[in-house]
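A.B. asks: Every number in this note's numbering is 6 more than the matching position in the sequence shown, counting from 1.
If you are wondering where the hints come from, they were derived from the structure by calculation, not from laboratory data.
Model, not experiment: these values are computed from the prediction.
Idealized CB from N, CA, C, for every residue including glycine.
There's no promise every hint is true.
Below, simulated DSS-like cross-link-like pairs (lysine-lysine); rule was C-alpha separation at most 27 angstroms, straight line [said to hold, decoys possible]:
#1 K221 with K238
#2 K141 with K221
#3 K205 with K142
#4 K182 with K355
#5 K121 with K205
#6 K118 with K166
#7 K238 with K120
#8 K238 with K207
What follows is a set of in silico ranges between Cβ atoms, one per label pair, in the way DEER data are often shown [as the list claims (entries may be wrong)]:
#9 T60 with E171: 21 to 29 angstroms
#10 E219 with K141: 50 to 58 angstroms
#11 T189 with M109: 14 to 22 angstroms
#12 E183 with E209: 53 to 61 angstroms
#13 P354 with T146: 48 to 56 angstroms
#14 E183 with L208: 18 to 26 angstroms
#15 R23 with D100: 55 to 63 angstroms
#16 E271 with N71: 33 to 41 angstroms
#17 T140 with A72: 21 to 29 angstroms
#18 L93 with N71: 39 to 47 angstroms
#19 T146 with W47: 55 to 63 angstroms
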Amino acid sequence: MYIKPVYSIKIVLLWTRKYIYFFFLLSIVPVILYDVIGLKWLYLPWLPIGLIGTSLAFITGFKNNASYERLWEARKIYGGIVNASRLLATMVNDFVTNEFTQMERSDDEFFKIKKTIIMRHIAWMTSLRHALRTKKPWETIVGSKSNKEHMGTIDVKEHKFSLHEELDGYLTEDEKEYILSMTNKQAACLNLQSKHFKKLKLEGLIDNFRHMEFKNLIGELFTLQGKVERIKNFPYPRQFATLNLFFAWIFMILLPFGMMHEFNEIGHSLTKDENTTFINSLITKKFVWMTVPISIIISWVFMLMERVGDVSENPFEGSRNDVPITTISRAIEIDIREMIEDDKNEIPKAYANYGDTEM
């Protein structure tokens with residue numbers, strides 16, 4: 007996905023504008039009390055606030071690195087699913103033959119066998135992505151008030167259509183009923199696939215060696231499935247996430263109280279210049295008000311870092327920054343159906359690029 011820099015900044019500002027409004031109030035109230043009402047004692051030394059900010063920067067960096075590792079691992083796993091799917095299509099093309107059977111099959115019969123295997127594999131990917139889109143208690147990005155407007159621009163297919171609807175055309179009615187009756191539906195798909203390979207072996211359409219290769223590939227798919235399920239079902243440790251947010255708010259609340267006195271002292275030092283004009287003198291006397299924009303900018307930076315970590319923690323939740331599992335799965339479907347020479351009129355079109363509408 008490529009987004010123009012100006013467009014990215016616009017999205018970020020819209021995404022965080024409610025926080026900017028709050029930071030404005032958070033910074034202007036102490037300055038009014040300090041400069042307008044005259045509560046000159048109302049400030050804090052900068053050193054302890056600076057120490058909190060330093061600690062916060064380390065904790066935020068740790069959280070963002072850990073969140074990015076979860077996101078990047080998820081993307082690598084789906085890269086493995088892409089490779090394994092293409093390998094499956096290649097093996098189906100080359101391994102299922104009349105070489106070892108006593109009753110030869112026609113090309114049309116072989117195509118039906120190949121298509122059944124490929125369509126069942128697509129059903130596995132469909133079941134897997136629906137399982138990954140299932141909301142967990144710790145996934146709060148999609149449902150949070152600050153993200154409702156942002157989420158309105160994203161079309162998450164798994165939130166619009168049920169698995170029952172999306173499996174239509176990929177399985178027989180008996181297979182579909184069996185899979186939907188199971189708790190782990192994606193594992194049920196692979197179980198059906200394994201039974202089918204055993205049946206092909208018994209019919210002589212594949213030999214023992216080829217059967218073992220198919221079984222190894224099923225094992226690889228189970229491994230990849232287990233890896234994404236681990237990321238989905240085990241959240242980023244909440245003690246780290248909670249502490250980071252708690253420290254961030256402490257720092258942002260205390261920040262203007264530490265900056266007011268510092269800017270006020272800078273203003274006093276500038277007024278000692280005998281060559282200053284009236285306008286410059288007025289500015290320097292009110293230099294304490296620089297606390298407001300600077301506090302907003304610093305608070306916004308720290309909160310943005312916190313939010314970026316939050317949206318990266320759960321790479322399958324359905325936000326714009328998640329792994330585009332629907333788009334990837336559709337691309338895989340197109341590839342493997344083309345590899346078995348399926349009817350091009352029946353192959354679905356690719357979704358929009360990740361970052362547009364389809365997730």
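A.B. asks: Does each hint fit the structure? Answer for all of them.
C.D. replies: Status of each hint after checking the structure:
1. With a C-alpha separation of about 26 angstroms, the suggested pairing of K221 with K238 holds against the 27 angstroms cut-off.
2. Taken as a hint, the K141 and K221 pair is broken in the structure, with Cα atoms around 32 angstroms apart against an allowance of 27 angstroms.
3. Distance check on the hinted pair: K205 and K142 sit about 38 angstroms apart at the alpha-carbon level, beyond 27 angstroms; violated.
4. Restraint check for K182 and K355: the C-alpha separation of about 23 angstroms stays at or below 27 angstroms, so the hint holds.
5. Pair hint K121 plus K205 holds up; C-alpha atoms about 16 angstroms apart against a cutoff of 27 angstroms.
6. Proximity of K118 to K166 is assessed by CA-CA distance (about 31 angstroms); at most 27 angstroms being required, the pair is judged violated.
7. Of the pairs offered as hints, the one joining K238 and K120 is violated, with about 32 angstroms between alpha carbons and a cut-off of 27 angstroms exceeded.
8. Restraint check: the Cα-Cα separation between K238 and K207 comes to about 35 angstroms, which exceeds 27 angstroms; the hinted pair is violated.
9. Checked against the given bound of 21 to 29 angstroms, the beta carbons of T60 and E171, roughly 52 angstroms apart, lie outside it.
10. Between E219 and K141, the C-beta spacing of about 38 angstroms breaks the proposed range 50 to 58 angstroms.
11. Look at T189 against M109: about 38 angstroms separates their beta carbons, and that is not inside 14 to 22 angstroms.
12. Against the hinted window of 53 to 61 angstroms, the Cβ-Cβ separation of E183 and E209 comes to about 25 angstroms, which falls outside the hint.
13. Range check, P354 to T146: Cβ separation about 33 angstroms, and the 48 to 56 angstroms hint is violated.
14. In this structure the hint that E183 and L208 lie 18 to 26 angstroms apart at CB holds, the actual value being about 24 angstroms.
15. In this structure the supplied range 55 to 63 angstroms holds for R23 paired with D100, their Cβ-Cβ distance being about 56 angstroms.
16. The supplied range of 33 to 41 angstroms is met by E271 and N71, whose beta-carbon atoms lie about 37 angstroms from each other.
17. T140 and A72 have their C-beta atoms about 23 angstroms apart, which keeps the hinted 21 to 29 angstroms range intact.
18. Take L93 and N71: their Cβ atoms lie about 33 angstroms apart, and the range 39 to 47 angstroms is violated.
19. A beta carbon spacing of about 40 angstroms between T146 and W47 contradicts the range 55 to 63 angstroms that was offered as a hint.
Against the hints set out earlier in the document, violations occur for numbers 2, 3, 6, 7, 8, 9, 10, 11, 12, 13, 18, 19.
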